[in-house]
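Trainee: Sequence:
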Amino acid sequence: MQIVNNKTNYQFETIVDGEKAELQYRIRDNTVYYMHTWVPESIEGRGIASALAKFGLEYAKGNRYQIVVYCPFVVAYVKKHPEYLELLNTNYQTKEKLLGS
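First residue of the sequence shown: 84, per this note's numbering; consecutive thereafter.
Hints may be right or wrong, so weigh each one.
[Said to hold, decoys possible] With a straight-line cut-off of 20 Å between C-alpha atoms, the simulated EDC-like cross-links for lysine to aspartate or glutamate are:
| # | residue 1 | residue 2 |
| --- | --- | --- |
| 1 | Lys-178 | Glu-141 |
| 2 | Lys-180 | Glu-166 |
| 3 | Lys-137 | Glu-127 |
| 4 | Lys-137 | Glu-166 |
| 5 | Lys-162 | Glu-141 |
| 6 | Lys-144 | Glu-169 |
| 7 | Lys-178 | Glu-166 |
To be clear, the hints were calculated from the coordinates, so they are not data collected in a lab.
Produce the entire structure from the sequences given, and follow the hints as far as they go.
Mentor: The following block contains the structure:
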């Protein structure tokens, strides 16, 4: 699966079986804000949202950005992959708040 960064529309996206899936984001002050993940119902259950989340988080890591996560799917992904917690911009979102503890 090929995922691209559509910088014009602020989303990481992929096309699977002719359907577009996306992770919407914003960047401000050296921080990536993950807003919303969307995968069409016809291609759900194939790990596409997870691939988008990983791609987006690796993008932040590779560019030395911090992160703030609003998207519930990306929150769940980070809970399963705590190595990304080090990227949190704690001025806006604490680990405890993100993890619900």
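Trainee: Each hint: holds or not?
Mentor: Here is what the structure says about each hint:
Using a Cα cut-off of 20 Å, the hinted pair Lys-178 and Glu-141 holds, with the two alpha carbons roughly 18 Å apart. Straight-line distance between C-alpha atoms of Lys-180 and Glu-166 comes to about 16 Å, which keeps the hinted pair within the 20 Å bound. Under the criterion of a C-alpha separation no larger than 20 Å, the hint pairing Lys-137 with Glu-127 is consistent with the structure, at around 16 Å. Taking the CA atoms of Lys-137 and Glu-166, the gap is about 11 Å. The hint holds against a cut of 20 Å.
Between Lys-162 and Glu-141 the alpha-carbon distance is near 15 Å, which keeps this suggested pair within the 20 Å criterion. A C-alpha spacing of about 9 Å is found between Lys-144 and Glu-169, which places the hinted pair at or below 20 Å, so the restraint holds. Distance restraint check for Lys-178 and Glu-166: the Cα-Cα separation of roughly 12 Å lies within the 20 Å cut-off, and the hinted pair is therefore satisfied.
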